[in-house]
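> Heads up: the sequence shown at position 150 corresponds to 150 in my numbering, and the numbers run straight through without jumps.
If you're looking for bench data, these hints aren't it; they were derived computationally from the structure.
Model, not experiment: these values are computed from the prediction.
C-beta: ideal position from N, C-alpha, C; glycine also.
One thing to keep in mind: the hints can contain errors.
Simulated restraints on C-beta separations [unchecked claim]:
1) Pro60 with Phe89: 37 to 45 Å
2) Phe126 with Asp58: 51 to 59 Å
3) Ala227 with Leu203: 17 to 25 Å
4) Phe267 with Ile202: 21 to 29 Å
5) Thr123 with Ile161: 44 to 52 Å
6) Cys285 with Pro60: 33 to 41 Å
7) Val231 with Asp58: 32 to 40 Å
8) Thr190 with Val102: 35 to 43 Å
9) Glu71 with Val231: 30 to 38 Å
10) Tyr280 with Phe193: 36 to 44 Å
11) Thr123 with Phe274: 36 to 44 Å
12) Phe109 with Asp252: 29 to 37 Å
13) Ile53 with Phe193: 49 to 57 Å
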Amino acid sequence: MTSSSRLQKRNGETIVSSSAVTEEEYTIANDGVKSNKKLVKIIGRFTRQLITITHWDDLPDWQKDNEHIHEGYVKETNSFINCFESLFFLHNESVNIYSHMVPGLCALFMLLIDINIIKKFPTTTFVDYFMIDLFLAGAFSCLILSSAFHTLKSHSLFVAIYGNKLDYLGIVILIVTSMISILYYGFYDTPYFFHLFSTITILFGIACGTVSLANKFRSREWRPYRATLFVCFGLSAVFPVLTGIWYYGLEDTFKRIQLKWIVTEGFFYIFGAFLYAMRYPERICPGAFDLWGHSHQIFHVFVVIAAYSHFHGLLSAYEYAHEMLIK
Numbered sequence: 001m002t003s004s005s006r007l008q009k010r011n012g013e014t015i016v017s018s019s020a021v022t023e024e025e026y027t028i029a030n031d032g033v034k035s036n037k038k039l040v041k042i043i044g045r046f047t048r049q050l051i052t053i054t055h056w057d058d059l060p061d062w063q064k065d066n067e068h069i070h071e072g073y074v075k076e077t078n079s080f081i082n083c084f085e086s087l088f089f090l091h092n093e094s095v096n097i098y099s100h101m102v103p104g105l106c107a108l109f110m111l112l113i114d115i116n117i118i119k120k121f122p123t124t125t126f127v128d129y130f131m132i133d134l135f136l137a138g139a140f141s142c143l144i145l146s147s148a149f150h151t152l153k154s155h156s157l158f159v160a161i162y163g164n165k166l167d168y169l170g171i172v173i174l175i176v177t178s179m180i181s182i183l184y185y186g187f188y189d190t191p192y193f194f195h196l197f198s199t200i201t202i203l204f205g206i207a208c209g210t211v212s213l214a215n216k217f218r219s220r221e222w223r224p225y226r227a228t229l230f231v232c233f234g235l236s237a238v239f240p241v242l243t244g245i246w247y248y249g250l251e252d253t254f255k256r257i258q259l260k261w262i263v264t265e266g267f268f269y270i271f272g273a274f275l276y277a278m279r280y281p282e283r284i285c286p287g288a289f290d291l292w293g294h295s296h297q298i299f300h301v302f303v304v305i306a307a308y309s310h311f312h313g314l315l316s317a318y319e320y321a322h323e324m325l326i327k
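Just need the whole structure built from these sequences, with the hints factored in.
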């Protein structure tokens with residue numbers, strides 16, 4: 001072959017002209033074309049990512065939820081791959097995703113190494129590990145379901161509705177596992193009260209889980225009843241506390257359930273939910289908190305703080321119970 005031949009491109013592919021070329025020249029030319037194609041593909045993917053970030057006015061109606069947040073929306077993708085790709089660039093759901101994903105994985109990690117984080121007493125049994133792991137599993141379920149929902153909600157209306165159901169189910173799971181775990185140590189020496197209040201908690205959990213998942217109960221006309229049921233579920237936690245004060249006295253009840261941590265937990269849950277319901281602070285300055293600091297993000301952070309408060313109180317309640325048992 002001679003080296004005087006020319007290379008031509010047709011439809012993006014390198015072809016040989018009528019003159020012959022060396023094999024080395026042919027290989028170099030084709031490698032160059034392949035590299036260019038790969039570069040175009042990467043740029044195209046990045047461009048598609050930028051295009052998916054859009055303004056409130058450009059969203060389909062089903063994606064419009066908070067009019068005080070103007071920019072940073074991932075528009076309907078109809079693609080699980082694109083939803084997954086949204087994990088790697090900044091948008092107004094990024095904080096919601098990672099503020100629950102990372103603590104959720106931490107909860108799973110602590111569950112797997114529970115033997116290293118739970119102080120061991122001569123009276124410690126498998127049930128103790130189970131109760132503490134029960135809460136960690138509940139926290140993991142709630143946080144990961146929430147993170148998954150915020151990752152996939154831009155897929156389509158159907159996926160968003162289904163993910164929202166699972167998000168609510170995760171909240172129910174966290175409430176149930178939190179209450180049962182602390183009830184066990186609050187009434188460690190009175191099984192009757194533990195079984196009574198645990199049964200009530202589970203029944204409320206089943207009821208709230210049902211209204212969260214069933215389409216019938218998610219309709220507008222059922223909204224007041226659904227809200228009332230969740231409020232009653234939350235208020236049901238007051239009865240074991242009052243029972244403990246009546247049966248053991250205020251001081252002992254305070255130590256048994258580590259009331260200061262439980263009150264701290266309740267404060268962050270309630271205050272976070274209040275800010276979320278009021279759309280604060282984005283309500284007072286629309287567009288200023290699109291990517292950072294809007295109410296849903298604050299609520300997510302407060303949920304994590306509340307869950308940590310419960311975990312700290314649970315471990316302290318466990319230690320107090322066993323210190324009493326070995327006296």
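> Give a verdict on every hint.
Verification of the supplied hints:
no. : hint                           : result
1   : Pro60 with Phe89: 37 to 45 Å   : 21 Å, violated
2   : Phe126 with Asp58: 51 to 59 Å  : 55 Å, holds
3   : Ala227 with Leu203: 17 to 25 Å : 18 Å, holds
4   : Phe267 with Ile202: 21 to 29 Å : 25 Å, holds
5   : Thr123 with Ile161: 44 to 52 Å : 48 Å, holds
6   : Cys285 with Pro60: 33 to 41 Å  : 26 Å, violated
7   : Val231 with Asp58: 32 to 40 Å  : 37 Å, holds
8   : Thr190 with Val102: 35 to 43 Å : 38 Å, holds
9   : Glu71 with Val231: 30 to 38 Å  : 34 Å, holds
10  : Tyr280 with Phe193: 36 to 44 Å : 39 Å, holds
11  : Thr123 with Phe274: 36 to 44 Å : 41 Å, holds
12  : Phe109 with Asp252: 29 to 37 Å : 34 Å, holds
13  : Ile53 with Phe193: 49 to 57 Å  : 53 Å, holds
Hints 1 and 6, counting from the list given before, are not met by this structure.
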